[in-house]
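**Q** Residue numbers (numbering that gives the first Met the number 0), protein chains in the order written: chain A, 0 to 237; chain B, 0 to 435.
Errors might be hidden in some of the hints.
[Said to hold, decoys possible] In silico DSBU-like pairs for lysine-lysine, Cα to Cα no more than 30 angstroms straight-line:
no.: 1; chain 1: A; residue 1: Lys-92; chain 2: B; residue 2: Lys-382
no.: 2; chain 1: B; residue 1: Lys-394; chain 2: B; residue 2: Lys-415
no.: 3; chain 1: B; residue 1: Lys-314; chain 2: B; residue 2: Lys-434
no.: 4; chain 1: B; residue 1: Lys-382; chain 2: A; residue 2: Lys-88
no.: 5; chain 1: A; residue 1: Lys-88; chain 2: B; residue 2: Lys-309
Hint data in this document are derived by calculation from the structure and do not stem from the laboratory.
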Amino acid sequence: MPGRGTPETGRLCLSPDIAHTKSSQLFETERIVALISIVWAILLLLVQWYIAWGGGRIEFSAPSGRAISGIIYNFTIAMLPSHKESISKHPMKFVIGLLMHIGVFISIVKVLILLISPGTAPIIPNFISILLGISVICGFYLFVRRIITVDLRSMSVPDDYISILLTIGLMIMAIAHETGQILSGAFLIYASIIYFYMPLGKLKHVLFFFIARAEYGGRLGYRGVYPVHNSVKERSGG
Amino acid sequence: MKITSPENPADVEKTARDALRRAVRGSGAYHMEACVRCGLCAQSCHIYLTDPVPENHPAVKASKVVSLFRRYNTLLGMIAPGLVGARRMTPETLDELVEVVYGRCTCCGRCGINCSIGADVGSIMRIGRTVLASVEKVPPNLQAVVQNQLTTGNQMSIASDELKSTAEWISQDLQMETGFEDVRIPVDEKAKRVVYLINPREVKFFPLSLSAAAGVFHAAGESWTISSKFYDVTNYGMFSGHGNDAAEITRQAVEEAIDLGAEEIVLSECGHGFRSFRWEGPNWMGKGYPIPMRSMLDVMLEYIESGRIKVDPSKNTERVTLHDPCNLVRWGGVVEQQREILKRVCGDFVEMTPNREQNFCCGGGGGMLSMSEYGERRVLSGKIKADQISATGAKIVATPCHNCADQLLELNKKYKLGIEIMAVCELVFNALSDKK
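One chain only, chain A, in its complex shape (with noise of 0.2 angstroms):
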């Protein structure tokens, strides 16, 4: 039956059985192409996990640490406002850019949904539509300041725009289908565009964030830099 996830029957001006397996048979077909470009998007992203491993590094010196807990503080504390200058010296475009991260977290999660149960009844309550445009709104803010800042209008390349203006659209077609302005397959074909695109740009940072914080922190871990025990005031020279 036919919810707010799939808006499908009522948007078509023919009888409703016929609509309704005209309907089914092509959604059936962008169900598909999603899983493909999802399936593409892993695959790809995992063989360039492993041509960038390359055999990986050994590590001949002894150890003065554990990697293991530089791993675990790499991605706890050394995230916090007060260990990181990226957010402490930023505090508003980390948060801008934390609010469209959520929203493209929630639009993927939708697309997921959506191929896993397509009959679902939706489960996006209002005020996460309000959220993602919000979301909507600090990724234009983002794409703006790329091109009117200086210095990161100077290190940034066609993909950083690119990869920045897919994630927007995918944001704002999960606002249009949740509202009943466009149908399922539409945000499916759209959503796979992006899956298609995600391991070849920057966008690949959905895994390589992961990767790159583990090695870097398991790195300082095994030399003893990591974890940090001083507290805050005494790094500041409280």
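Got chain A; can you put chain B on it based on the hints?
**A** Using the frame of chain A, we list chain B on its own:
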């Protein structure tokens, strides 16, 4: 500045590409793939903070290296390079990279630990150096220091006889100063427990540092010696990016210590020396060391804590602050030892802000001191450190690194700080209770 030697561009590209492929494996590639160019690292870089132009932005600098990586290691970089800003390694792009990785970055790693993603930008820049070194594009002054180390055993080409005579007169002075009749600097003595590696600058310009270490070893009753052939704790191969050179410099010093029958190698106070010997050396050589290796800071703290030496903090009355060398602290994990020592040997020790793993580079890291072409930028970038020092009101800046000490001496003159720069062991030596 064009440093390149005319070579077949295809050969240059192949050599550089192979070097890049080897260098990024299992680490660097992750960080190059992870950087999203958010730009939030700028405020963490001392070079950018003192000269905020895009060319000094850490992410802009890293992107110059990453663009070469993308061309050969990513699908879009191969089929649509313009889309991801991928560039081929031509003699021109590599020439452009020279100033970026040697002249605008000390590879201090501060931007990396503050990165929103966790991308190790310092290592990305070092990979850039490795690529350039593979095609002989290391700035000549820096490479000259490496050549000195390879051909003479030390970066200042000090002959063995000169070292021996310096050790002799330092020993005589030390006997008079301390009242210890049998204190001396043992050279080339076999079967001593410790072989001590020193910075050749201690022999040439800063004998007080070597003298202080000898006094501390004597007071602790340590069995130690230095080699007259391979005693250099520095390794400019780490700065140049030549892994093979760095490995050879490491090998000659470690094998010399083993030949002398040492049970342990102790490294003098040197930031990059510690990092290169303790952490990078075994990886350059492809094997671990048969004997342990520690910093002199570890050893001195052990002496104090075990009661092998007695110290009196009232002998160092001036206010002392501590500069953390990046390679020793942020890259090396020697963080608290120097603090524990200074708290015990100084009457008035204060931290500068920020400190420890968040310390700012003094500006002299990454081999900058040997590259006179970037001297003006180096001194300008030290303004952050000068301001940090001024804020403490300290009269003495202790730093366990001779490279940093050289830079701090220059900052002292330029910014009229009115400070004295000392090695930690000099303060320990001053505080020895038993000497006259």
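**Q** For each hint, tell me whether it holds in the structure or not.
**A** Verification of the hints:
1. A:Lys-92 / B:Lys-382: 27 angstroms, holds
2. B:Lys-394 / B:Lys-415: Holds, at roughly 12 angstroms.
3. B:Lys-314 / B:Lys-434: 11 angstroms, holds
4. B:Lys-382 / A:Lys-88: Judged against 30 angstroms, a Cα distance of about 20 angstroms means the pair holds.
5. A:Lys-88 / B:Lys-309: Since the Cα atoms of Lys-88 (chain A) and Lys-309 (chain B) sit roughly 44 angstroms apart, the hinted pair is violated (cutoff 30 angstroms).
Consistency with the previously given hints fails for number 5 only.
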